[in-house]
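We have chain A; now place chain B onto it with these hints.
Number of protein chains: 2
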Amino acid sequence: MTLILSNDDVEKLLTMPDCIEALEEAYLELAEGRGITRQRSDCVTPTTYSENAVYGLKSMDGVVPKLGVSAIRINSDIITNPLVGNTHRRVKVPAAPNDRYVGLVLLFSTHNGEPLAIFPDGVLQRIRVGATNGLGIKYMARANAETIGIMGSGWQAETQLVAACTVRDIKAIRCFSPNRENREAFSARMSELLGIKVTPVEQPEDAIAGADIVMCGTNSIDPIFFKKWIEPGVHLSSIKKPEIEPDAIRAADKVAVHTHDTAPMLIVAKGAKFQENKKEAGWNAANALDFKAFPTLPDLIAGRVTGRDSDEQVTCFLNNLGLGYQFAAAGSVIYRRAREQGVGHELPTDWFTETVHP
Amino acid sequence: MTLILSNDDVEKLLTMPDCIEALEEAYLELAEGRGITRQRSDCVTPTTYSENAVYGLKSMDGVVPKLGVSAIRINSDIITNPLVGNTHRRVKVPAAPNDRYVGLVLLFSTHNGEPLAIFPDGVLQRIRVGATNGLGIKYMARANAETIGIMGSGWQAETQLVAACTVRDIKAIRCFSPNRENREAFSARMSELLGIKVTPVEQPEDAIAGADIVMCGTNSIDPIFFKKWIEPGVHLSSIKKPEIEPDAIRAADKVAVHTHDTAPMLIVAKGAKFQENKKEAGWNAANALDFKAFPTLPDLIAGRVTGRDSDEQVTCFLNNLGLGYQFAAAGSVIYRRAREQGVGHELPTDWFTETVHP
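Just so you know, the sequences run in chain order A and B. So the first sequence is numbered by my numbering: it starts at -14 and just counts up by one. So the second sequence is numbered by my numbering: it starts at -14 and just counts up by one.
By construction, these hints were calculated from the structure, which means they are not laboratory data. Among these hints, one or two may not hold up.
Any copy, or any two copies together, can satisfy a pair, since identical chains are not distinguished.
Straight-line C-alpha distance at most 27 Å; calculated BS3-like pairs for lysine-lysine [unchecked claim]:
#1 Lys(-3) with Lys77
#2 Lys277 with Lys255
#3 Lys77 with Lys51
#4 Lys255 with Lys51
#5 Lys258 with Lys51
#6 Lys156 with Lys213
#7 Lys255 with Lys77
#8 Lys212 with Lys156
#9 Lys212 with Lys239
#10 Lys182 with Lys156
#11 Lys277 with Lys239
Keep in mind the model is a prediction, meaning the values are calculated, not measured.
The following block holds chain A by itself, in its conformation from the complex (with noise of 0.2 Å):
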């Protein structure tokens, strides 16, 4: 039978634990050229939802020999990119019936090709983000890191929040983001969720100043971390490529990618309205860094770098674009429990497979 699993599903059978566990072992075996990834595309083009959209059709590929599992991620999105205080902010609009969203897992067996599960990638997308940055401040965050300052109260930011605190004992919190409303929403909330004290700041400062680690968890496509804070020890860390300013990347002893893919592969249609809108954000200033000298996650977790040499060295982990690879990993941990828990729809494995020669 093959799966049918809803974002509930993946929330009660993904615990945070559990994907930082297989995300690292799947990274040990991309490191060494035993599991491969196929860098995102993104095919641009018009849509008639309206002229100022644009359809979006990304997907991403990657197999983990060793968990057994191969997955596609596919989003089918409209897109708009309207401008939100001084910061140009892409908007995926839920568009399909029901006002939802489009993205989904295929999850396939490298031991016999079999579809093993489909997926939506809400849940399990904001997951993995956290904990690919959560890896990042396990191999590279001082070992007694113990404060946390926040930028960014949105649906990332919480999973960045139960990340950091999966992998360092933590024992405050500090949260700026410019709507107060939505601040001080969500510290209570991760309060309650991490049982740390998450204090709501009305400054960036507030929240930086004195943070063993600093987490950019926004989706500005502006920077909002500047060189200016940076102070002896910290660890930087980003969500999205033009979060922390160029400058500040420059001034860590250490910092490390996610990965060497460096951009989408950009396919755009003629009359799609996408690049002229991108051209004017921060992303020029961060692409103007030359992603490929940093090393990977993969590197620091395969030991052929190290993530820091000493308390007082300023570390910097960007997770400059996802893999296909990670839903790969987080899938077959998801499709273990699910079969464990007797959770999802089963449809018949036929369904889904054939008698033809494809």
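What follows is chain B alone, placed relative to chain A:
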């Protein structure tokens, strides 16, 4: 509702004339840059299936805004590469439960992103290969072509003939393939299907001599058509790079290829026994040709180049690589017909969409 369709459904829903028409329209969009396609990728790793097999995750995407659809085609294969006669053949093994192959097409709407349908790729795969070579014949073969010599009697050969007979008024067909039983059974079956006499012959020369159109429709990875066999005015058609020897291609007056995506993006894991087999075959010779120097089928359809300038010219169409784009174009027809005819399992679209931002 999201439709789950079977190969039987696809076979009933998609006629060759419909498929050729949809592809022709879609290729014009592609030529004009309004439709886009993402290069096929092949991820290859070891598999526990057997020591000499590999696991392959293949994917390709395409978006045809004019037809309102995008598609991703995925293959999750166990692949062996045995020596059959003098020829290496890549053999996919039906290793999934109930001895089945795994190939899927996911079709999405560019209007709102929603997943429209999921169906196996096998039947469509060969119909679109046939339709593509059929368009090669439509734009390159003599208008009065009426005889075909075909090499191959397998799965692909059938739709090659159906497509050729859709675009030209064919009167007689001769078929060579090395196994007598296969070519006789194929010829009998195709005679009935097409209402045109298909004659099995014992030597390739017997099929080729005097034919207006020579079709190679095999899974050989060594050349099977040679320069010495070329006659004035013939149209040569191939479904796979190595079938026609490079000297024969060079000898043609007009050559067109399916696409300038000349090779898949190949990502091979350490320990996968894949590339070494490939090197033994005829691919290297074929790849010595500069495929990007030839016009593409979309160029022909958009009228940028002529397929043939006189009845004496020798023309050659090389279906060098498949495109995810074809699955989107043909998928739009399959989906429309399925809706019209009430075919397929309907599953709640909510199973394949999400409220969570991906």
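Practice item. State whether the alpha carbon distance between Lys(-3) and Lys77 is at most 27 Å within one copy, between copies, both, or neither. Key: Classified as within: same-chain Cα gap 25 Å, cross-chain 37 Å, threshold 27 Å.
Exercise for review: Classify it for me, Lys255 with Lys51: is the Cα-Cα distance of at most 27 Å met within a copy, between copies, both or neither?
Suggested key: Classified as between; 12 Å across copies, 42 Å inside a copy.
Point to revise | Homo-oligomer pair classification [Lys239, Lys277; C-alpha up to 27 Å] | key: within (14 Å within a copy, 43 Å between copies)
**Study point:** 27 Å Cα threshold - placement of Lys156 relative to Lys212
**Key:** Within one copy only: 25 Å inside a chain, 77 Å across chains, cut-off 27 Å.
Check your understanding: Which holds for Lys77 with Lys51 at a C-alpha limit of 27 Å: within a copy, between copies, both or neither?
Key -> between (35 Å within a copy, 22 Å between copies)
Review point. When no copy is named, should Lys277 and Lys255 be tagged within, between, both, or neither for a Cα gap of at most 27 Å?
Key: Intra 30 Å, inter 21 Å, cutoff 27 Å: inter-copy only.
Exercise for review: Please work out whether the CA atoms of Lys255 and Lys77 approach to 27 Å or closer within one copy, between two copies, in both situations, or in neither?
Suggested key: Classified as within; 21 Å inside a copy, 38 Å across copies.
Check your understanding: With identical chains treated as interchangeable, where does the CA-CA distance between Lys258 and Lys51 reach 27 Å or less: within a copy, between copies, both, or neither?
Key -> Between copies only: 16 Å across, 42 Å inside.
Check your understanding: Is it within, between, both, or neither for Lys156 and Lys213, if the alpha carbons may be no more than 27 Å apart?
Key -> Intra 25 Å, inter 81 Å, cutoff 27 Å: intra-copy only.
Check your understanding: 27 Å Cα cut-off: does Lys182 pair with Lys156 within a copy, between copies, both or neither?
Key -> within (8 Å within a copy, 83 Å between copies)
Review point. Between copies, within a copy, both or neither: which fits Lys212 and Lys239 at Cα up to 27 Å?
Key: This pair counts as within: shortest intra-copy Cα distance 14 Å, inter-copy 60 Å.
When each numbered hint is compared with the structure, no violation occurs for any of them.
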